[in-house]
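Asker: Protein chains in written order, with our numbering: chain Z, 1 to 177; chain B, 1 to 340.
Treat the hints with caution; some may be incorrect.
What the hints assert, rightly or not - Example chain Z residues on the side facing chain B (calculated, C-beta under 10 Å, incomplete):
id	residue
1	Phe55
2	Pro68
3	Ala121
4	Pro136
What the hints assert, rightly or not - Label pairs and their computed distance ranges (CB to CB):
id	chain 1	residue 1	chain 2	residue 2	range
5	B	Arg260	Z	Ala17	33 to 39 Å
6	Z	Leu112	B	Glu269	39 to 45 Å
7	B	Glu262	Z	Leu8	28 to 34 Å
8	B	Glu269	Z	Leu85	49 to 55 Å
None of these hints come from the bench; they were simulated from the model.
In this text, all values refer to a predicted model and were calculated from it rather than measured experimentally.
For each residue, glycine too, the CB sits at the ideal point set by N, CA and C.
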Amino acid sequence: MRALLRLLGIGLALLLAQAMARLALPAVLQPDLVLVYALALGLRGGGVQGLVLAFGAGYVEDVLCGGPPGLFALLCGTACATTRLLDRALYLRAAAPWAGYVGAYALANFALFGAAQRMFAPDSAVPWGELLRRAPGAAITSALCAAPLLHLFRRLLVEADRDAWPVLATQSPRGRP
Amino acid sequence: MSELLRRFRFALCYLALAALCALGMASRHGPAELGFAPKLVLDLTLPLERMVTLPISELRGVWDDYAALVGVRVENERLRDRLARAEEENHQYREAILSSERFQKLSGFRAQREVPMVPANVIHQDLSPWFQSLIIDQGAAAGIRPGMPVITDSGVVGLIAGTTPGASKVLLVVDPQSRIDAYVERTRARGTVRGTSGHDCDFDYVLRQENIEEGDLLLTSGLGTTYPKGLVVGRVASVDRKTSGLFLGAKVVPAVDFSRLEEVFVILEQRQIPGEDAFSAADEGLWPAPPGGAVAPAPAKTAKADPAAKPAAKPASKPLPKLVKPPPQPAPDRNQDPPE
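Start from the sequences, fold in the hints, and give me the full structure.
Answerer: Following this line, the structure appears as structure tokens:
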């Protein structure tokens, strides 16, 4: 339970850091820290509770933003699920591949964001040109912010998974993955 | 079965939550009261966020006040020059306004009314760079309702998108979801100001033959249910006549600097569009009443026409039976006193 609370605390801290970055950095360099959080929750050990936390983080961002409700929740949940699929294949256990993965996914997330907007709120969709203009800088800063957080997330996710309710845990009671 | 569920629980959970999100997005229909969960999230996160972002705002203030003043002397000279010209222009405008007021009193259609407003402080800026909203510290308890316009002394800020008892979310003019019907003050050319999620807006649906120029002032037209007429929206920054089609393209710089917004006013008045049965063509006097005389024409309804509107171009060959139009007003002449 303590590990889960720590994960929640880190999520809140990243949310606040994103609010500070919004004030301090130009728009093309603002990292998407909530996305980094959602991606990290899909790492091995995150399990279903990681997915729920990722959707929750996206929902909080939805409430604090002016977008259609559910947009960021869907994007964060998808990010978490994608990491879960690719974790082993990409060997996301060292900072360098993890940062590369976060940068690449942040770019893909811009495309998903544009597509989701056109699907659910076409009147207010941000033009593709604007998305392309902002994507590279945001992807680089997101990757840079993600690298130092990897080991912290890995440790907390394993602890949280060990303490989780059986229905949410990825490990059996005997510790088999 | 339970083994199957256990095996695919991650995928099932993802699909269920994703479906919920999609439903949430698809069921959105304009401004509305916020539900319990968003209210809870706002109440929990806003105080923390304010605590964290306040020092940064203060630091930015220090930077803007002291460090970023390089070159201020040259700018000062330039501004003094502009001020002198503006004062001269201002003097002329004041004269014109005085003349105009006298004419309005004489013709009896000056509609002066006090609009109830609530002042509010900005306590949160949008987290995402894609949307442009902010949260203010006054909510439903102060009488604020979704859809009410938000302004400052500089011009239009946006409209209330959602409320809690103690806070309200404001959708800014520059948000891509924002649309304002506006006209150019100089030529009365009409169009729609649309947010772009950047620092400027597009001025859409302006006919190609309209005369608009860089620097033209845009005002709200008063059409629709949100904004009253005559609020400053912004200035035309550039005009692009190379676009294909019926309309030209124009960029608008909003009158309000949203990055430095601290206090705003919410206009506590929601305009209503009358229902279809509220008036009929016969009420308006556009057609003669039926021989039975069932519907009496509304007396002098159109006499409340806006004084700033252009006079009718030319009367029809056969005058409309009940339409009461104010006579075309002569252009105010400062050298000539109004008739007693």
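Asker: Tell me, in ascending order, the numbers of any earlier hints that this structure violates.
Answerer: 4, 5
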